[in-house]
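Participant: Each chain is listed here by its residues.
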Amino acid sequence: MMDRFKAFLYAIKSEVWSQSSGKAALTLLSSLIVLSIVSAIMLPPNFISVWNDPKPWGIKPKDAPPQWAAFFGYSCAPHYEADLRGFRYVLGISGNEVSLKYTLTYNLNSKSFPQGIAIKIDGLSLVGVQSFRIVLNITRPDGVTVPAVLTYLITATNGSIAITSIVLNPDPMKLAGTLITLYPQLLSVANLNDIAMNYPTYLFGTLTNTSRISPLNGLYRLELLVIIAVPHIVTAADVNNIVNAFRDSQDFRVAVIGTCYGVLGTDYRGRDIGLALFFGLPIALLIGIGTAVLTTLIGLFAGLVSGYYGGAIDESIQRFIDVLGSIPLLPILILIAVAVQQAYGANPYKPIIMLLVILGTLVVFGWGGLAIVVRSMTLSIKSEAYIEAAKVAGASNWWIMVKHIIPQLLPYIAAQMVYSAPSAILTEAGLSILGIQHGLPTWGGILADARIYGNVSYWWWIFPPGIAISVTSLTFVLLGLSLERAVEPRLRRV
Amino acid sequence: MSIGIIIMRRAVFLALALIIAVFLTGFIIGATGYVDNVVKAIINEEVRAYRQALSKMPNVNQSYVDKLTRSYQQMLVRTYGLDKPWIYRIIPLVYSTLIFKFGDVQQTSVAEVAGFQLPAKASDVILACLPRTIVMITVAELITIVLALLIAPRITFKIGSLADRIAVIYAALTNAIPVWWLALVMIFIFSYRLGVAPQQFRGVIKVLSTMSSAFMAGNAVSFFSSFGNLLSYVWLPILTIVITLLGPWIYSTRAMLLRIVREDFVLAAVARGLPQKVVLRKYILRPALSPIMTSVLLGLAGTLGGYIITESVFDWPGMGTLYYQAIASGDPATILGLTYILTLVYVVARFILEVLYVALDPRVRL
Amino acid sequence: MADESILVVENLKKYYELRGSFLQVLGLKSPTYLKAVDGISFSVAKGEIFCLVGESGCGKTTTGKIIVRLLEPTSGSVLYKPSAEARKVLESYGYVEEYVDIGKKYPKDVDKVLRREIQMIFQDPYSSLNPRMRIRDILEEPLIIHGIGKDRAERLEIISRALEEVKVTPPQEFIDRYPHMLSGGQRQRVAIARALVLRPNLIVADEPVSMLDVSIRVEILQLMLDIRKSRNISYIFITHDLAVASYMCDRIAVMYLGKIVESGEITKVINNPVHPYTRALIEAVPEPNPSNRLSLRKVDIIGEIPSAVNIPPGCRFHPRCPFAMDVCRREEPPFIEIEKGHYTSCWLYHKK
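Chains as they are written, first to last, in the working numbering: chain H, 1 to 494; chain B, 1 to 366; chain E, 1 to 352.
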């Protein structure tokens with residue numbers, strides 16, 4: 001049985017492969033599957049919560065096009081990020097204070113201003129200390145040093161400091177004050193509030209002859225001081241302790257936030273769209289294939305029973321399909337989704353529940369068409385003499401369906417199943433577009449974000465998810481086309 | 001079985017399907033309780049306003065305000081029917097919908113889609129949105145159908161030719177591209193980058209009303225100038241829909257024709273040396289008429305509901321947007337009215353088809 | 001004779017209900033019936049070949065399908081005498097009579113045992129073998145269903161022996177082939193083997209050679225005769241071809257519109273046909289000798305066989321009968337014995 005099934009699969013495969021659309025489909029499908037396996041393996045278990053947590057994305061550019069956009073004339077202020085855990089520092093000790101001094105350089109060569117400056121600390125724990133202070137000074141290419149661009153102070157409780165996750169930004173008002181002191185002429189084009197609101201423009205800009213602010217290109221020197229006070233005169237053990245604490249922290253980095261980022265750019269929270277597309281692939285395939293398999297199984301079963309047994313069973317199944325077919329699916333689907341969205345407002349499993357309800361509704365309303373086809377095929381197979389022969393041999397109804405009818409239906413079923421795979425992906429995405437958000441980083445979810453939070457001109461946010469959806473659908477459509485041709489000789493070219 | 005019985009049976013089942021569809025919608029609205037939540041929010045808002053108004057009055061006693069507010073709230077709960085189980089509220093609503101008494105719109109956002117202010121009747125709101133969907137979606141579908149019926153027969157005899165391959169690849173591509181995504185892309189390109197299409201489509205409300213009043217007044221100049229205005233609004237949505245729908249339409253028409261091309265009677269006709277045009281018209285298109293008619297009629301009936309997602313992407317104030325807005329804001333009268341009207345149109349279209357089948361196909365008559 | 005009969009059919013009827021008009025659908029008017037088989041009786045002895053002969057639509061295939069239990073009779077009984085082996089199972093379920101009515105429903109196990117004993121050979125060897133199954137799968141199917149052979153190897157052994165018996169040799173060469181790789185004759189041999197693997201006592205052969213080339217018909221018929229000899233199997237042989245019938249049968253029954261019009265030992269019926277319909281059938285057999293061609297045509301039956309929905313009153317053959325009399329139009333003729341073992345129902349032979 002198994003070897004026959006393999007031979008059958010092989011025959012189908014070679015039949016599909018012999019067509020150019022089949023070749024394209026199989027190539028696309030295998031690369032999608034390989035990609036989604038890689039993605040599923042690499043997918044961090046907490047990706048969904050990380051995705052919805054603003055902190056990890058706080059040091060990334062927001063609404064940023066991809067880096068390669070620079071080749072197409074976008075002026076990209078470079079994004080600079082340094083992991084300080086492995087960075088060279090100068091150690092200073094005075095009295096009860098230990099200081100680590102990091103010196104970094106940022107090269108601005110763009111017509112755009114960077115989006116800001118941020119420091120991110122994750123999982124740092126200091127024991128036996130009094131306080132922890134950070135001061136960031138920046139020396140601009142014109143030689144002027146802007147002191148205390150970013151400062152941070154935290155005092156210990158019970159001698160220890162524990163930071164789980166924090167993103168630090170400059171205090172805009174304070175920074176604006178500093179900038180006005182250093183460059184009083186700025187007041188001719190802006191007031192304190194303007195400067196505070198747009199501090200990156202003034203921190204990285206200069207006043208031109210035409211009284212406009214333009215980026216001051218050149219090398220910026222960032223001097224980051226980390227100062228830790230201990231309750232007594234610093235000992236070697238303290239130094240060791242502090243240096244180890246920073247080395248063992250989960251993350252400790254400083255960033256000059258640019259305007260272009262990553263392979264596919266970022267969204268309104270600075271989240272990497274490429275990452276979401278990559279991790280959205282297995283979800284999309286699961287949605288498509290799962291729904292298609294369920295729909296097909298129900299359609300196969302209903303059509304088989306309807307056609308084989310006939311009579312009242314047949315009549316009631318057919319009438320049920322009639323009713324299902326008359327009900328407008330999309331409005332009902334939206335209605336159910338909106339109701340679930342409200343009912344599970346605060347439930348942490350809401351995203352999953354919503355997705356399952358949407359897919360479940362698609363399955364419930366989706367099997368009718370296939371059942372009708374399966375029924376008519378079953379009717380014609382049922383009247384074959386070999387079915388009567390099997391009955392005379394004592395075969396039960398179940399046996400006849402499984403051994404004689406289903407194998408005949410299988411190729412058609414396969415083609416239908418493949419055809420129906422994209423519809424679930426498209427519908428899920430369509431509902432997201434309408435604003436029925438389940439909150440999962442699906443491709444539809446990203447597109448929906450683009451509609452709600454984005455701007456139509458953010459092409460990197462609109463095109464890639466749509467292309468991903470279309471390519472995946474196209475794979476299934478092409479595969480269905482060539483499967484259909486493989487099993488339906490009438491459609492073959494003469 | 002006689003023809004009359006077949007047709008009567010179908011009519012009964014289709015009517016049953018229609019009633020079930022409306023009831024099912026009603027049950028989803030009622031059982032999930034989400035309209036209740038909306039109503040509760042409205043009541044709370046009204047009670048808050050009432051209390052505020054009361055407390056602004058000079059020298060009123062606090063406990064008296066509480067008492068008045070409470071009785072006001074109870075009155076509201078009774079008026080909205082929240083004191084009874086949902087089934088007592090939904091069944092009468094469904095019943096009155098079925099006898100074409102659609103009730104009132106409750107949500108401002110729903111009335112706004114139609115360009116109305118509250119109070120408004122659900123039936124008026126639906127009637128206001130219908131022509132906007134017809135000038136966009138139905139017209140687009142009609143153009144698509146005409147193009148498909150012109151193109152498909154031309155490639156039927158040339159299976160495997162370049163034109164045929166292009167048609168199949170085009171169909172596969174457009175089958176895979178969601179129409180609402182293409183809409184986003186088209187808006188991005190034509191409205192924002194090139195600036196040749198409007199960025200806001202709600203303006204079509206005004207254009208259509210100018211047009212209809214010009215028509216009523218018999219003002220040809222004003223009518224045709226508004227018609228130009230209308231075109232400036234509809235061309236982009238129509239182009240988008242035609243691009244995405246044309247492929248699948250050509251493919252399915254081609255498949256229907258192909259099934260007939262391989263029949264013996266067509267081969268016999270070709271063998272007799274009849275010209276291709278005659279064979280196509282007499283031996284292929286005529287038997288293909290009923291399946292093609294089915295998809296045309298059902299397709300057109302389907303357009304009246306609007307394409308919810310596409311209309312919503314264009315922010316087109318038609319039936320689809322109305323439907324979505326009614327569902328999203330919880331407006332039972334409009335939801336039920338729309339479901340009823342659209343299912344009715346679909347069911348009637350199917351019934352007409354069944355009658356036509358019997359009338360056109362001599363084999364159906366036993 | 002009854003004590004050695006393996007099958008006794010008594011007054012068997014198979015009607016199909018037609019609800020045509022509106023009143024009938026509502027049940028206000030009695031439905032019209034299609035009378036496919038309208039009260040036939042016959043018996044088959046152990047090791048006997050019994051032929052049912054008639055034009056298409058006369059009910060002979062329906063009768064065959066009722067006997068192999070593909071159809072349920074409307075009324076009448078089909079009494080079958082099970083083998084000793086089957087008896088044990090039947091008795092354990094409380095069926096102790098010598099004959100069981102296989103027109104009725106039985107518990108699953110009894111049903112299986114009874115099915116196993118009566119097998120069928122179908123007319124069309126091209127459609128009676130599943131095109132997607134190999135020969136071994138086709139022959140193994142009944143074995144698996146009935147739990148014959150303890151493992152695959154043993155079943156394969158049984159299959160090989162069956163193939164040898166029907167002279168599809170060497171079996172190894174054929175078992176992995178698909179039906180379309182076989183000739184029509186080979187296919188019908190496989191179909192016979194499928195019936196044989198269950199070791200039946202009675203085989204219903206429904207026109208087993210009518211779809212085959214004339215040149216191989218005799219081989220298949222001879223094979224069936226050989227099997228009868230070696231296994232002492234009974235056949236109900238359904239055919240429209242009197243030449244084939246006279247080659248195969250011990251006894252024959254001629255059917256017309258759901259009724260038997262003449263029956264008896266084959267030599268008696270062929271040499272001395274009494275019913276006008278039988279005579280017409282015999283005279284319609286092509287005569288290879290040209291000099292005899294014209295001399296034999298004596299009975300001319302008129303027109304086509306009527307529909308089984310509108311059965312003519314009286315003798316159902318009267319509208320086509322050249323000898324029709326008044327009584328034929330009014331009353332159905334009784335079934336009478338005209339010589340020993342030779343019966344007919346025709347008013348011409350009714351002695352007042």
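To be clear, the hints were calculated from the coordinates, so they are not data collected in a lab. Hints are supplied without guarantee of correctness; some may be wrong.
Quick list of simulated restraints, FRET-style, between CB atoms [what the hints assert, rightly or not]:
#1 B/K158 <-> H/L35: 33 to 39 Å
#2 E/E173 <-> H/W17: 51 to 57 Å
#3 B/L289 <-> H/G435: 40 to 46 Å
The calculated lysine-lysine pairs, modelled on DSS-like cross-linking and capped at a C-alpha distance of 27 Å, are [what the hints assert, rightly or not]:
#4 E/K268 <-> E/K112
#5 E/K105 <-> H/K403
#6 H/K23 <-> B/K56
#7 E/K268 <-> H/K382
#8 E/K81 <-> E/K229
Facing chain E, from chain H, some residues (calculated, C-beta under 10 Å) [what the hints assert, rightly or not]:
#9 A393
#10 H404
#11 I452
#12 G454
For every residue, glycine included, the Cβ atom is placed at its ideal position computed from N, Cα and C.
Participant: Decide, hint by hint, whether the structure agrees.
Facilitator: Evaluation of the provided hints:
Judged by the Cβ atoms, the range 33 to 39 Å given for B/K158 and H/L35 holds: they are separated by roughly 38 Å. About 32 Å separates the C-beta atoms of E/E173 and H/W17, a value inconsistent with the hinted range of 51 to 57 Å. The hinted range of 40 to 46 Å is satisfied by B/L289 and H/G435, whose Cβ atoms lie roughly 42 Å apart. Pair hint E/K268 plus E/K112 does not hold up; C-alpha atoms about 38 Å apart against a cutoff of 27 Å.
Straight-line distance between C-alpha atoms of E/K105 and H/K403 comes to about 25 Å, which keeps the hinted pair within the 27 Å bound. The suggested pairing of H/K23 with B/K56 is violated, with an alpha-carbon distance near 77 Å, which exceeds 27 Å. Restraint check: the Cα-Cα separation between E/K268 and H/K382 comes to about 42 Å, which exceeds 27 Å; the hinted pair is violated. The hinted pair formed by E/K81 and E/K229 meets the criterion: a straight-line CA distance of about 20 Å does not exceed 27 Å.
Given the 10 Å rule on beta carbons, the hint for H/A393 holds: about 4 Å separates it from the nearest Cβ of chain E. Hint status for H/H404: holds, given a least beta-carbon distance of 6 Å to chain E, under 10 Å. A cut of 10 Å between beta carbons decides the hint on H/I452: the least distance to chain E is about 53 Å, and the hint is violated. A hinted interface residue such as H/G454 counts as satisfied when its beta carbon comes closer than 10 Å to some beta carbon of chain E; here the least separation is about 54 Å, so the hint is violated.
Comparing the model with each numbered hint stated earlier shows that hints 2, 4, 6, 7, 11, 12 do not hold.
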